[in-house]
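Protein chains: 2
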Amino acid sequence: MKRVLPPNLTDREFDLALKAFAKVVGEDWVLASDQDRSTYADIYAPGPEDQWPPSGAIAPGSVAEVQEVVRIANRFKTPLWTVSRGKNLGYGAAAPRLPGALVLDLGRMNKVQHVDTELGYCVVEPGVSFFDLYEHLERMNANLMMSVPGNAWGSVMGNALDHGVGYTPYGLNARHICGMEVVMPDGGLMRTGMGAMEGNHSAHLFPFNYGPSWDQMFSQSNLGVVTSMGLWLMPQPETSLLLSMSVPNEEDIGWVIDTLTPLKIQGVIEQSIFVPSWLGKVVLMGTRKDFWDKPGRMPDWRVQEILKQNKLGFWTVGVRLYGDEAVVRAKADVVKRAFKRSTDIPMEESWWRQGEPVDVMDPSNGVPSAVALQMGDWVGGRSAHLGFSPVVPATSKHVLGQMRRSKKLIEDYDLDFYASFTIGGRFCNNINMLMYDRDDADGVRKVKALFDELIDVTRKAGYGEYRTHLNWMDPVAETFDFNDNAMTRYTEVIKDALDPNGILSPGKMGVWPAAYREHAQRGKHS
Amino acid sequence: MKRVLPPNLTDREFDLALKAFAKVVGEDWVLASDQDRSTYADIYAPGPEDQWPPSGAIAPGSVAEVQEVVRIANRFKTPLWTVSRGKNLGYGAAAPRLPGALVLDLGRMNKVQHVDTELGYCVVEPGVSFFDLYEHLERMNANLMMSVPGNAWGSVMGNALDHGVGYTPYGLNARHICGMEVVMPDGGLMRTGMGAMEGNHSAHLFPFNYGPSWDQMFSQSNLGVVTSMGLWLMPQPETSLLLSMSVPNEEDIGWVIDTLTPLKIQGVIEQSIFVPSWLGKVVLMGTRKDFWDKPGRMPDWRVQEILKQNKLGFWTVGVRLYGDEAVVRAKADVVKRAFKRSTDIPMEESWWRQGEPVDVMDPSNGVPSAVALQMGDWVGGRSAHLGFSPVVPATSKHVLGQMRRSKKLIEDYDLDFYASFTIGGRFCNNINMLMYDRDDADGVRKVKALFDELIDVTRKAGYGEYRTHLNWMDPVAETFDFNDNAMTRYTEVIKDALDPNGILSPGKMGVWPAAYREHAQRGKHS
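From first to last, the protein sequence lines stand for chains F and R. Using the numbering used here, you'd call the opening residue of the first sequence number 1 and step up by one each time. Using the numbering used here, you'd call the opening residue of the second sequence number 527 and step up by one each time.
Since the hints were made in silico from the structure, they are not lab data. Zero decoy hints are in this set.
On the chain R side, residues computed to face chain F include the following (Cβ under 8 Å):
| hint | residue |
| --- | --- |
| 1 | Leu-645 |
| 2 | Tyr-647 |
| 3 | Arg-701 |
| 4 | Met-716 |
| 5 | Leu-731 |
| 6 | Phe-732 |
| 7 | Tyr-736 |
| 8 | Pro-738 |
| 9 | Gly-849 |
| 10 | Ala-852 |
| 11 | Ala-856 |
| 12 | Val-918 |
| 13 | Thr-1005 |
| 14 | Asp-1007 |
Each pair of labels, with its calculated beta carbon distance range:
| hint | chain 1 | residue 1 | chain 2 | residue 2 | range |
| --- | --- | --- | --- | --- | --- |
| 15 | F | Arg-522 | R | Glu-851 | 54 to 62 Å |
| 16 | F | Asn-483 | R | Gly-573 | 38 to 46 Å |
| 17 | F | Gly-296 | R | Glu-724 | 31 to 39 Å |
| 18 | R | Gly-725 | F | Arg-522 | 19 to 27 Å |
| 19 | R | Glu-882 | F | Trp-255 | 26 to 34 Å |
| 20 | F | Gly-61 | R | Thr-565 | 55 to 63 Å |
| 21 | F | Arg-75 | R | Asp-940 | 56 to 64 Å |
| 22 | F | Glu-138 | R | Glu-882 | 46 to 54 Å |
| 23 | R | Gly-907 | F | Ala-514 | 56 to 64 Å |
One-sided excerpt, in silico: chain F residues whose CB lies under 8 Å from chain R:
| hint | residue |
| --- | --- |
| 24 | Gly-120 |
| 25 | Arg-191 |
| 26 | Thr-192 |
| 27 | Met-197 |
| 28 | Glu-198 |
| 29 | Asn-200 |
| 30 | Tyr-210 |
| 31 | Met-217 |
| 32 | Pro-235 |
| 33 | Ala-326 |
| 34 | Val-327 |
| 35 | Val-391 |
| 36 | Arg-426 |
| 37 | Val-511 |
Even for Gly, the Cβ is constructed at its ideal location relative to N, Cα and C.
Could you put together the complete structure from these sequences and hints?
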């Protein structure tokens, strides 16, 4: 990818900045060749990658280097786009929201700084991947379980900070962050929580500050660069039991949610419960042309045929219970009784006991896997996907409404419907996977128009997205419209106070610093 | 209490401000007589109340009035000290940190705006007391359980925002806040979380914002005035079972914690577990002179006698399990097995089933009670108390160290030792109750010197307080000393950006706006 400069900088100024950065991190870690830029582009970009072009990347190796890089960025006015490992596929990967921002790649900072097996937590740096942490815990025989996303090739920290979800009782990953070290936009270093006291023993145990609590202000955030954080880990249970069933019809999601949510709120089910539609299973069995070789969405008769041939329901329900065997048994009875009130379909039971091998295809086991990446091959060509991800209350009324609304629109655009609902408490994360071939310009245009419309109709119905791709960060921020977008406005007051030069991740989630606010795509869509 | 003006204001300017406030809230709700000032003083003040004198109080009745009051306060430079109901005994009650600030009393805003029985949450205004909410839930037969503090006469919101603790599975009250409406320091209105979208159905369900999450920035905070908030409520369980025992010796707290913490982290015990020392029981049986009529601390032989006569241990352990009867039975077996590994003392069992009356003396039942207020009479005279409240990791090593350290110091000062440890997760809140007669000037001096020293030795050992009385807000803030008190410094950058006139609660938790920063007691103690 050709050189793209940060806004308002000349080639000469930019080169001077790169030289200054190289003095800090070493020349090898200033990455600004054409090839480097391609490496940091959005490889799933809906449309040409040069819509979100980095000017290059800098990869510091220590907290002190991050601090110095941030100070230099202030001096030269070179905006930085922070990524942990840059694997955020479907949301922009490593690419920056602001064209020409330099990617601040924290992947080299990949130490597991600490694991406490007694109190169940770890302290990780941004570059630690789920696989790194898993191996670390295995090596030390820590007897702690991770919460992993479906595709676990990314950063533990990046996932938690971006509100990614897992499927164990610790599935609300961001809620298990506790105590951070953060490089602030002026290059100063801050610690949150009890760790704001040097040497405090409860730095990663107590989830509040003395005074206003900061941790969550650094999630989905451009207010600082998190260089390490505490993350609570669940003790390995003695046993776990998977109760599963397939339910045949799309409308069954209604009673499924109304059965599961009370059990989740009562604490009978502790995990975040994942309910994917059939295509979630079928993408792992092959590519689209193995099932349907014509353009446009699969017709309903063919979907029914595939379900029948593969003994699949429209939705798959899997509930995993964790703990002492007798407790799990008693809970399983409660779950089974609840399902019996709505269906005669029997639940399959599958026990796991400590020491036994686990099914890595099932993220509720807390073992990282990249199998879900296979979805990337579904469409064929330079296959990619976007996730349209609204939050809905975990009741049939809202879930059915959301399912019908997005399904109709997705099918109006002639795309296959592929959704999941994950019950994380009193709400569901609804992910609608939109898959496309990046080389099919018409298809990409269609997907983008669909995405615009999904945001609009969903907002009109009273729901918002929890996360989105670079291309829609501003439009989604605009849907948070109470009192003239007060939340974004006040966040920007803070942004300007902490980051007067607008150095850190301008535009992240629609939060713009004064210095680059004219780049916000407000009042217009893609 | 005689009139005390806000800093830098003349009588005439102050009177003009009061008139302007009266136009908004009505003359009846501008409270600035000598008697009014006494009403809003710290009735438990360690020393004369006029150390923390309000200039008066204003009690708005609606969000619009709060907004207008804040705008007028900006115009006249009258600092406001926000209280929900002002019942924060032991921490300053309604009194302001900055002498002459006007108390912004939100007690009139006392509507339960909404209760959702299906998804288990309520939306409350600041003036809603625990008793109000309890009666509201009872009246509507909501089948939802509250998390209540030991003494429940205060505000539900005030308690949660100040990181107060309860003793049910929802005992970490601040973690169950979800979605707020906040009047900002410029008088603008903001909503957090999904509620930042007008009409969003998940406003009180999803615990994050799109972008940086604000909720916890408004806890223990002077960055805004919270006018309503969502709070998750637990579904009434089918049954609950109290397992209890007395343990004889002070050092037993070590194995007790090491037994309980793993069960808490594994999720076998869901509640926040309260372990009080013997005096917590004895204060409810009478006043001090009924047990010991000499000055100075009770000698150990007398303590042993009291324990024997009343069949008490040094510590009382009460574990309550909640839920389906079979699940509770299975969990109880796990708990009993764990205790058997350390003691032969049998656990008493006491079942509760839905529909049965509950013991209101036990806050783990979630029923509000003010019985704990009786502690206020213990010492005699104008009896009062302070809580010294550090957070320690929930392991024997840290808990024993903390117990020995504070016990020795408290006894060196010739005071009775009265402590509790509440396991809220991976940490304990340790509360050391210091009781004194406000009219005993020598005793008050002693308690204050003790408090100073407790802060110092505890900080030196690597622990910090989670909450403190007005008099020590600055010294405790100073103990959070990482990188030249970075946390407080950056919080103050935000404070100044949002609140350039320093109107809202200057000095709260040691966070000072530029306008009044010279009032901070930095580098010196009481």
